[in-house]
Amino acid sequence: MRIGLGTVVLCADLAGTVVFAAEGAMAAMMRGLDLFGIMVVAFVVALGGGMIRDVLIGAAPPSAIRDWRYPVLAFLTGLGVFACRRLLHVAPGGHVLAVLDAAGLSLFAVAGAEKALSYGIGPLAAALMGMLTGVGGGVMRDVLLARVPLILVSDIYATAALAGASVVVAGRRLALPTGAVAGAGALTCFCLRLAALRYGWRLPGGT
Amino acid sequence: MRIGLGTVVLCADLAGTVVFAAEGAMAAMMRGLDLFGIMVVAFVVALGGGMIRDVLIGAAPPSAIRDWRYPVLAFLTGLGVFACRRLLHVAPGGHVLAVLDAAGLSLFAVAGAEKALSYGIGPLAAALMGMLTGVGGGVMRDVLLARVPLILVSDIYATAALAGASVVVAGRRLALPTGAVAGAGALTCFCLRLAALRYGWRLPGGT
Amino acid sequence: MRIGLGTVVLCADLAGTVVFAAEGAMAAMMRGLDLFGIMVVAFVVALGGGMIRDVLIGAAPPSAIRDWRYPVLAFLTGLGVFACRRLLHVAPGGHVLAVLDAAGLSLFAVAGAEKALSYGIGPLAAALMGMLTGVGGGVMRDVLLARVPLILVSDIYATAALAGASVVVAGRRLALPTGAVAGAGALTCFCLRLAALRYGWRLPGGT
Chain A
1 MRIGLGTVVL CADLAGTVVF AAEGAMAAMM RGLDLFGIMV VAFVVALGGG MIRDVLIGAA
61 PPSAIRDWRY PVLAFLTGLG VFACRRLLHV APGGHVLAVL DAAGLSLFAV AGAEKALSYG
121 IGPLAAALMG MLTGVGGGVM RDVLLARVPL ILVSDIYATA ALAGASVVVA GRRLALPTGA
181 VAGAGALTCF CLRLAALRYG WRLPGGT
Chain B
1 MRIGLGTVVL CADLAGTVVF AAEGAMAAMM RGLDLFGIMV VAFVVALGGG MIRDVLIGAA
61 PPSAIRDWRY PVLAFLTGLG VFACRRLLHV APGGHVLAVL DAAGLSLFAV AGAEKALSYG
121 IGPLAAALMG MLTGVGGGVM RDVLLARVPL ILVSDIYATA ALAGASVVVA GRRLALPTGA
181 VAGAGALTCF CLRLAALRYG WRLPGGT
Chain C
1 MRIGLGTVVL CADLAGTVVF AAEGAMAAMM RGLDLFGIMV VAFVVALGGG MIRDVLIGAA
61 PPSAIRDWRY PVLAFLTGLG VFACRRLLHV APGGHVLAVL DAAGLSLFAV AGAEKALSYG
121 IGPLAAALMG MLTGVGGGVM RDVLLARVPL ILVSDIYATA ALAGASVVVA GRRLALPTGA
181 VAGAGALTCF CLRLAALRYG WRLPGGT
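Chains as they are written, first to last, in the UniProt record's numbering: chain A, 1 to 207; chain B, 1 to 207; chain C, 1 to 207.
To be clear, the hints were calculated from the coordinates, so they are not data collected in a lab.
Everything numeric in this text was worked out from a predicted model, so none of it was measured.
A virtual CB, placed ideally from N, CA and C, is assigned to each residue, including glycine.
Hints may be right or wrong, so weigh each one.
[Stated by the list, open to error] Pulled a few chain B residues facing chain C out of the computed Cβ check, cut under 10 Å:
{"#": "1", "residue": "Val41"}
{"#": "2", "residue": "Phe43"}
{"#": "3", "residue": "Val55"}
{"#": "4", "residue": "Asp67"}
{"#": "5", "residue": "Val143"}
[Said to hold, decoys possible] Away from chain C, derived, C-beta distances all over 12 Å, residues of chain B:
{"#": "6", "residue": "Cys11"}
{"#": "7", "residue": "Val18"}
{"#": "8", "residue": "His95"}
{"#": "9", "residue": "Arg172"}
Just chain A, with the same shape it has in the complex:
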């Protein structure tokens, strides 16, 4: 049995949506937002990056508007997190969350770069669009919560997404097999992000 790349990318995209919606819902709950605010932030974190990317590459309406599965998934996840809010003191642990988040970031970075390339965007901009897909939702969350976006002040996060997206762009330029390129890009982002967390890597210049 053979699973096509389209299926893999779609599954990855939807899985990333779930992870990021859950994160957004938790952040909103910690700030004391009501159920509606929680749903908005879950939606924005999960789908905001992809929506900005789609508008910028000329793919309006964005897939989050065109395809009902994306918003439904984000809202159901937000609802689920809200329903389980009593359990959040015990589970899931920070390690599990960090790994899930790195996975979501990797999936979005790869999917974003692939989509930008498929719309005829050049290599540098496509790598940036991959990064934007991964981090855009988080930036919008922080803007809505009126704080400096975490990715601007903290460790290697967007840089990992950019590295993963760059691997995808480079692999496509070299005409390597699509599946291998996507896998290598996701793995690059994932490992870089977790290694940065584990060993406390930072870029120069931060405080």
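Starting from the known structure of chain A, fit chains B and C onto it as the hints suggest.
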């Protein structure tokens, strides 16, 4: 004599623009912005939601750019509020403002959902676009004023817009008469918003 | 030898990109952002206004995505500022910066209005798009740094951009020679901005 739906929607849209521009100008004046800042915030509150909606549904350039009546109306309203700033300590009362604001919200929610449907957007996304049209300008105002958007932390506001937009989407799906559907949607949003204010309704989870 | 208007506009655009990227990088460094954050803010300040304009006038993908020279220039400038950060205590002086910034603002205002007109946008909206091109990047920087945009609270800045863009729009309406119109628009913005700085001009209503 018969007034077409197009006329009604346009009038509603322009009336909503005036109400929201006035609100934005007042908020900007309370934060000590100068005349230019007041005009910007008036413009953003009145037209920001519709502009984001138009970009997302693939209707660029947005009507606020395409049709000069929208910006002119927003600016004239902002100027008028600024000119009357000495009078603001006495009038208009909070009750009048709340009713006007609920009216503007209702009109924008209905017009937004109708426009999204007319661009072939699916039902769920069209309801969200209606809500976004109603609340987007206020969110942009709060982002510019560097505070957490009011609609994320406070009572039933965006929820009312979503309910009104959903009525429009459902009515269109059932092929009910356009005018009745628009009226029912606006009324739903308007009554829900005012009832929430009057009885202090809140969604669960807020602080 | 004759230099075409297209060349002049492109050079102006790229020069404005460098000036604004440098300003963004300095603002990011003063807030303690790391190298990545500095690059993001440099990119956003230099290219954010033009990107929003292009999306709004229906010119997606924006030239910052379509043309790799824009992001490369912004990033190289950000890197250069970061590399020279030890020198920033002494040079460049505030006066030099202010003049450069006024030049960038003027160039962007003119280029933005011209581009909007060339996409068939009406005169009022085209003047607004020129202003947006000039100030949009700075507004996005302030939103990302979680502060009220400087242009909303301070002196004549966006107003100068609007005046310059209006001169361009009016000149085009009167079918005056393109080069003269662009020069007059840029000069209007530049002189107005520097005069406002020099004589402390302010709009009414500010604090």
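Interface hint compliance - B/Asp67 to chain C, C-beta minimum distance less than 10 Å
Nearest chain C Cβ about 8 Å off; hint holds.
Interface-negative label, B/Cys11 against chain C, beta-carbon threshold 12 Å:
holds, 21 Å
Hint B/Phe43 vs chain C: min CB-CB distance below 10 Å?
Holds. Min distance 8 Å.
Find the nearest Cβ of chain C to the Cβ of B/His95 and say whether that gap is larger than 12 Å.
Consistent with the label, B/His95 stays out of reach of chain C, its closest Cβ about 27 Å off (over 12 Å).
Would B/Arg172 pass as off the interface with chain C, using Cβ distances and a cut of 12 Å?
Given that every Cβ of chain C is farther than 12 Å from that of B/Arg172, nearest at about 27 Å, it holds.
Proposed interface contact between B/Val55 and chain C, which counts if any beta carbon pair is under 10 Å:
holds, 6 Å
Outside-interface status for B/Val18 - nearest CB in chain C farther than 12 Å
holds, 17 Å
Can we keep the B/Val143 interface hint, with Cβ of chain C closer than 10 Å?
holds, 6 Å
A closest beta-carbon separation below 10 Å is what the hint needs, so does B/Val41 meet it against chain C?
Because about 7 Å separates B/Val41 from the closest Cβ in chain C, which is inside the 10 Å limit, the hint holds.
Comparing the model with each earlier hint shows no violations; every hint is respected.
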